[in-house]
Amino acid sequence: MRLSFLLPCFLLFTQASYAKDTQGNALPPGAAVETDPEYPPVVSYTLKNGLKLLILEKHFAPTLSYSIAFKVGNVDSPKGKTGLPHLFEHMAFKGTQTIGTKDYKKEKLALDKVEAAAQAMIAEERKPAPDKARLETLKQALAAAEKEADAFIVKDEFTQLYKNFGQSGLNAATAADYTFYMISLPANRLETLMAMESDRFKKAVLREFYRERSVVMEEKRMYDAKPESALGELLGTTALSAHPYRYPIVGWLDDLKSFTRTDAEVFFRQFYVPNNATLAIVGDVDPAEVIRLAEKYFADWKPSDLPDTNYTQEPQQNSEKRFDLFFKANPSMRLAFHNPGFSSPDMYALMMLSEVLSGGKTARFYRNLVEGKQVALYAAAGSHTSSRYPSLFVMVAAPKAPHTLEEVEAAIWEEIERIKAEPPTAWELERAINSHEADLVKNLESSLETAQNLSISQQVMGDWKFDWKTIDALRKVKPEDVSAAAAKYLVRSNYTVGFIRPPLAAKPAQAKGAAK
Amino acid sequence: MRNAFLKVSILGAIMAFSASASRALPLNVPQPAPLDFKPPLGERVELPNGMIVYLLEDPSLPAVRINAVVRTGTINDPADKVGLGALTAGMLEDGGSASYKPEEIDKTLEYLGATINSSIDLEDASVSMFALEKDFDKVLDIYADVLMNPAFDAEKFNILKKMELEMIRRRNDDPGKSVTREALRYYYGKDHPYGRRNEAATIEGITINDLKVHHSAYYIPNNIIMAVSGRFGSKEELLTKLNQRFGKWEKREIKAPQVPPPALAGTRRIYFIEKDVPQAFVMLVWKGVKRSDQELFFPLNTTNDVLGAPGLSSRLWDTVRARKGLAYTVYSYISRKNAHPGHMFAYCGTKPETYSQAMEEILRQIKRVKTEPLSEKELSDAKDSRINSFVFTFKTPFDVVNQRASLEHYGLPKDYLETYVSNVSKVTRDSAFSAASAMFDPDNALIFVIGNSKKFDKPLSEFGPVTELKED
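If you read the protein sequences in the order shown, they are chains A and B.
162 is the number that numbering that gives the first Met the number 0 gives to position 163 of the first sequence; each next residue is one higher, with no gaps.
182 is the number that numbering that gives the first Met the number 0 gives to position 183 of the second sequence; each next residue is one higher, with no gaps.
No lab work stands behind these hints, which were simulated from the structure alone.
Among the hints, a few may not be true.
In silico DMTMM-like links for lysine to aspartate or glutamate, alpha-carbon gap of 20 Å or less [as the list claims (entries may be wrong)]:
| id | chain 1 | residue 1 | chain 2 | residue 2 |
| --- | --- | --- | --- | --- |
| 1 | B | Lys106 | A | Asp438 |
| 2 | B | Lys469 | B | Asp79 |
| 3 | B | Lys323 | A | Glu416 |
| 4 | B | Lys323 | A | Glu135 |
| 5 | A | Lys295 | A | Asp149 |
| 6 | A | Lys487 | A | Asp345 |
| 7 | A | Lys146 | B | Asp317 |
| 8 | A | Lys225 | B | Asp134 |
| 9 | B | Lys274 | B | Glu154 |
| 10 | B | Lys234 | B | Glu56 |
| 11 | A | Lys256 | A | Asp285 |
| 12 | A | Lys327 | B | Glu470 |
| 13 | A | Lys477 | A | Asp345 |
| 14 | B | Lys176 | A | Glu416 |
| 15 | A | Lys441 | B | Asp134 |
| 16 | A | Lys372 | A | Asp438 |
| 17 | B | Lys155 | B | Glu102 |
| 18 | A | Lys372 | B | Glu154 |
Since this is a predicted model, take the numbers as computed values, not measurements.
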């Protein structure tokens with residue numbers, strides 16, 4: 000039974016007349032309103048330069064939420080420059096040729112000096128045997144050049160302006176597959192937003208690059224101090240041997256030390272182009288006005304051909320990989336299997352499989368491992384770590400003392416073998432569908448989340464309706480498909496497992512049972 | 000049915016948001032007209048048994064959300080049963096009810112994509128639900144039974160207790176979390192309700208009977224403020240539904256224990272835990288104010304916005320992060336406490352080789368707000384930001400009613416939302432400076448550090464007397 004839950008609500012607004020927004024204002028030619036009641040009445044429009052717009056009206060409060068997603072993530076890092084997409088994301092808060100500067104012409108000359116000094120310093124640092132005295136001189140030269148450039152900076156003006164306008168949720172994130180930027184503002188700031196955001200991506204200035212690099216190194220150290228992030232990173236680099244999904248998003252420290260602002264500018268020019276972006280606005284706006292302002296501010300943003308993104312394919316694993324990560328923390332584990340990616344229909348059976356294993360307290364891991372045998376503190380499965388290419392089906396779990404990592408691993412395998420032999424019940428599959436449907440409603444509660452989801456789905460998966468269509472695909476999965484997918488992908492020759500264990504010298508008493 | 004509800008008040012407020020345009024945009028963008036917004040604030044209804052309901056219909060999505068704020072908190076845990084409030088809250092979620100077995104609840108909710116969650120904090124507890132419109136009645140039945148008649152199933156209790164013990168075992172795995180918890184524990188005192196933590200010994204001693212006693216003492220209608228929004232039909236329909244379920248729940252006297260004021264040392268002392276981790280984690284804690292102390296709260300908040308409130312620009316952000324690149328996370332915060340004045344703190348994660356530079360800078364910046372007034376521009380920026388972003392208090396109907404329930408729980412003035420903008424506007428350089436001078440106290444702040452001292456660029460003892468602790 001299909002639940003058409005969006006029907007009564009959105010019909011209130013749409014009146015379903017084509018190419019008019021909800022106030023009945025005519026939309027410009029080329030704009031389309033979604034009229035299928037299965038979906039929210041999103042207005043879509045594409046600028047000549049390829050920038051895609053998605054607009055959804057919500058009128059409870061006079062606020063708007065904005066998200067712009069670019070199909071560029073850490074997977075697209077140039078060779079030897081992991082973390083560059085993420086560092087660039089930080090740089091996109093540093094202002095433009097008009098925001099954050101007292102005099103851009105003069106500042107540019109100063110920034111060129113900074114870049115020359117930084118490149119000289121990095122070149123010396125990267126030598127097999129750097130000359131310490133020379134390196135010190137070069138560091139001082141860089142510091143002096145930075146100080147000179149500082150004179151032209153209006154500190155944090157870009158973020159401070161948004162703050163004064165009443166921003167909420169100003170942030171950005173970099174994933175392996177994509178990067179997105181978001182903010183909510185009072186609705187009367189629509190034009191300001193369009194002006195600032197278009198300037199941000201048309202006329203970005205990567206000022207204070209080498210300082211922000213230090214901030215990102217701290218971010219990397221922060222993750223390294225957390226056992227779960229350290230384990231996640233090692234699982235990725237172990238399970239994947241060739242595809243760039245293996246690299247940590249924040250980048251290797253050594254790469255962070257070696258790339259330059261020039262590298263970031265080249266990367267920016269390649270990927271931050273309108274034909275690689277989707278801009279979504281959700282909130283108390285008039286779609287025709289959004290389109291008009293998008294044309295006004297974004298139309299002169301120049302498109303360009305995108306780089307080739309066919310990366311080294313991951314070879315078949317054909318082995319079982321195991322590792323111990325020594326960490327002063329209690330034991331926990333992560334397991335990974337290669338999945339076939341969204342070009343394969345098996346992906347949906349794997350999504351169902353992860354639901355049947357761990358989609359709630361009625362699911363098998365909770366029922367049998369957390370309760371039942373009571374060996375685990377938690378155990379959960381996820382069907383994919385990323386979406387553009389084949390990625391990893393991952394499980395995370397931790398033993399509950401006195402039970403051990405080995406006991407939890409064995410219990411997980413018992414569940415895996417069981418589902419290969421006995422297909423899940425119809426109830427288990429229906430529950431998963433219902434829960435996805437409820438999530439669609441929940442995701443629409445927050446305008447900022449809605450804007451994010453729309454922009455990312457469109458730009459990365461090629462369709463803003465991706466989440467809705469996923470449910471259609473999941474509905475087609477039969478119980479035996481789930482067993483077949485488990486039998487095909489959850490096998491020992493496709494398996495990587497990593498354990499966190501205390502360092503041998505400093506074993507906490509309670510973890511005794513966990514050591515071999 | 001309608002007559003059964005005694006007090007009904009309708010609140011509607013007019014709020015004009017018009018902060019000064021203190022800074023011209025360097026781009027050529029027209030200045031917008033000030034936002035003129037009359038947020039629907041919903042209604043407040045008191046049921047005959049004393050349960051308060053804030054309600055606001057939201058036809059935009061086919062779902063209903065409820066949150067019941069319960070006037071209790073972990074501060075009410077008896078000293079020998081610390082963890083009782085948390086176990087009670089956990090068992091409301093897991094332990095079934097008079098009419099529903101735990102498994103039946105899980106199965107019904109998960110099949111419907113619905114949720115019932117229960118949680119507890121220092122000075123409040125909450126039990127919430129989400130259901131699609133079509134399942135509202137069914138889920139509300141379970142929710143009401145869980146709230147009023149929890150069954151505290153013995154097997155589930157056993158499992159939950161063991162999980163809690165496992166969480167205690169794991170509590171030092173993330174040093175960033177440890178430093179926050181331990182700094183407050185040493186600041187308020189290990190036995191004070193604001194500072195103490197769950198311990199294995201007290202958890203092990205808690206029985207199902209303790210949970211029943213705790214539940215019957217606090218989970219009572221006259222101790223609950225409920226917020227409801229969503230597509231629940233008319234107000235009358237909703238109140239009928241609530242009255243059918245909660246109408247017979249009897250009001251009782253509430254006897255919450257008095258929480259003694261914490262004994263604060265009020266002088267600089269440093270606690271240190273040696274740990275070989277990639278960053279040094281630093282917390283500085285000093286005395287704050289009571290949540291209800293509005294006279295101080297508004298000017299202090301404004302000052303803290305300039306100093307280091309979480310966000311993408313502040314003095315701490317500017318100096319420690321953006322200009323010196325010493326940290327990814329650095330911020331300062333004012334806690335909100337009801338019974339006694341709370342605390343303020345500054346937090347930072349930084350590499351051990353430069354930790355002293357970060358700490359010196361943080362201390363210098365706290366000192367600056369104590370000894371010199373904010374600039375006119377900083378003050379007006381901070382005020383613009385607060386006033387212009389106030390509209391986000393009302394971003395969804397649920398935010399509105401839930402906020403109002405929480406304001407009532409914390410005893411804030413009835414017109415808190417209506418007067419918020421003018422209270423922020425009233426902050427002057429003088430009022431901000433005098434509040435900051437009185438309250439920011441870097442010289443006497445407690446400092447807690449977890450890190451690898453072998454890599455420190457300066458001994459910690461240069462910042463004050465150090466007590467080294469073992470992680471426990």
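For each hint, the structure was consulted:
no.: 1; hint: Lys106(B) with Asp438(A); result: holds, 17 Å
no.: 2; hint: Lys469(B) with Asp79(B); result: violated, 23 Å
no.: 3; hint: Lys323(B) with Glu416(A); result: violated, 54 Å
no.: 4; hint: Lys323(B) with Glu135(A); result: holds, 18 Å
no.: 5; hint: Lys295(A) with Asp149(A); result: violated, 32 Å
no.: 6; hint: Lys487(A) with Asp345(A); result: holds, 9 Å
no.: 7; hint: Lys146(A) with Asp317(B); result: holds, 15 Å
no.: 8; hint: Lys225(A) with Asp134(B); result: violated, 41 Å
no.: 9; hint: Lys274(B) with Glu154(B); result: violated, 38 Å
no.: 10; hint: Lys234(B) with Glu56(B); result: holds, 8 Å
no.: 11; hint: Lys256(A) with Asp285(A); result: violated, 46 Å
no.: 12; hint: Lys327(A) with Glu470(B); result: holds, 12 Å
no.: 13; hint: Lys477(A) with Asp345(A); result: holds, 11 Å
no.: 14; hint: Lys176(B) with Glu416(A); result: violated, 38 Å
no.: 15; hint: Lys441(A) with Asp134(B); result: holds, 15 Å
no.: 16; hint: Lys372(A) with Asp438(A); result: violated, 30 Å
no.: 17; hint: Lys155(B) with Glu102(B); result: holds, 10 Å
no.: 18; hint: Lys372(A) with Glu154(B); result: holds, 13 Å
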